[in-house]
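All chains should be modelled from the sequences, with the hints used to inform the complete structure.
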Amino acid sequence: MRERPVMTGRSTDKEEPFAQVVARRWEQALRHIEAAVSAAPNPEAKVRAFAQSRQQQAEQLVRELPCPDEAKLDMLSSLTSHLACLRAREVALLEAIFMEGNATGAFTLGNPHGVALAMVGALQNLVYAPLLFARMSRVERSRAPTAQWPPESEKPH
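Going letter by letter, the sequence shown gives residues 1 to 157 in our numbering.
By construction, these hints were calculated from the structure, which means they are not laboratory data.
Because the structure is a prediction, the values reported are computed rather than measured.
All C-beta atoms, glycine included, are put in the ideal place defined by N, C-alpha and C.
Keep in mind that a hint or two might mislead.
Said to hold, decoys possible - For each label pair, taking beta carbons as the anchor points, the in silico distance ranges come out as:
#1 P41 - P130: 17 to 25 Å
#2 F133 - A103: 21 to 29 Å
#3 S38 - P68: 20 to 28 Å
#4 S78 - P130: 12 to 20 Å
#5 S153 - S81: 43 to 51 Å
#6 V21 - F133: 39 to 47 Å
#7 A84 - P156: 26 to 34 Å
#8 E59 - H82: 40 to 48 Å
#9 T146 - P41: 37 to 45 Å
#10 P156 - Y128: 22 to 30 Å
#11 A103 - L132: 34 to 42 Å
#12 Q148 - H82: 21 to 29 Å
#13 S78 - E152: 35 to 43 Å
#14 S153 - H32: 37 to 45 Å
As structure tokens, then:
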């Protein structure tokens, strides 16, 4: 049986194999995302399929990471350069969807590439948010601001 790299959040000689494991897993995830997008009938549905599939794949990847929860944020953050090519594929896929939507009149985006970059970045930050929240102490979480919609001042009385 092959040894799974176990990371503690510190840089070790196992960081490179860990990066390779994550990159291979994200390559598989990207194929799932591409399949979901291909199955969607129109640009709007393709954007929804991209976002939903990407989020599901990212959450599954984080659950499967072979390291303690406390180390996942640090490890994922350190892998940015290893995943750059895959992130570029995500952006290119989303940009193609936006360009198709512009061509069909579904969207009127002046900068499809910029919107794709922003959306991929935002979705990536959604992966980090629960890890950041988990890292906060219970006291820090209790002091964190909360929000509701609509704001209390705009609720009907």
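Hints, one by one, checked against the model:
1. P41 - P130: 17 to 25 Å: 32 Å Cβ-Cβ, so the 17 to 25 Å window is violated.
2. F133 - A103: 21 to 29 Å: Since F133 and A103 have Cβ atoms about 40 Å apart, the given range 21 to 29 Å is violated.
3. S38 - P68: 20 to 28 Å: For P68 against S38, whose Cβ atoms are near 36 Å apart, the range 20 to 28 Å is violated.
4. S78 - P130: 12 to 20 Å: Cβ of S78 to Cβ of P130: about 18 Å, so the range 12 to 20 Å holds.
5. S153 - S81: 43 to 51 Å: The hint (43 to 51 Å, Cβ to Cβ) holds, given that S153 and S81 are roughly 46 Å apart.
6. V21 - F133: 39 to 47 Å: Since V21 and F133 have Cβ atoms about 25 Å apart, the given range 39 to 47 Å is violated.
7. A84 - P156: 26 to 34 Å: This hint is violated: roughly 49 Å between Cβ atoms.
8. E59 - H82: 40 to 48 Å: 20 Å, violated
9. T146 - P41: 37 to 45 Å: 38 Å, holds
10. P156 - Y128: 22 to 30 Å: Between P156 and Y128, where Cβ atoms are some 36 Å apart, the hint is violated.
11. A103 - L132: 34 to 42 Å: 38 Å, holds
12. Q148 - H82: 21 to 29 Å: 39 Å, violated
13. S78 - E152: 35 to 43 Å: Taking Cβ atoms as reference, S78 and E152 lie about 41 Å apart, which means the hint holds.
14. S153 - H32: 37 to 45 Å: 43 Å, holds
The structure is inconsistent with the numbered hints 1, 2, 3, 6, 7, 8, 10 and 12, although it conforms to all the rest.
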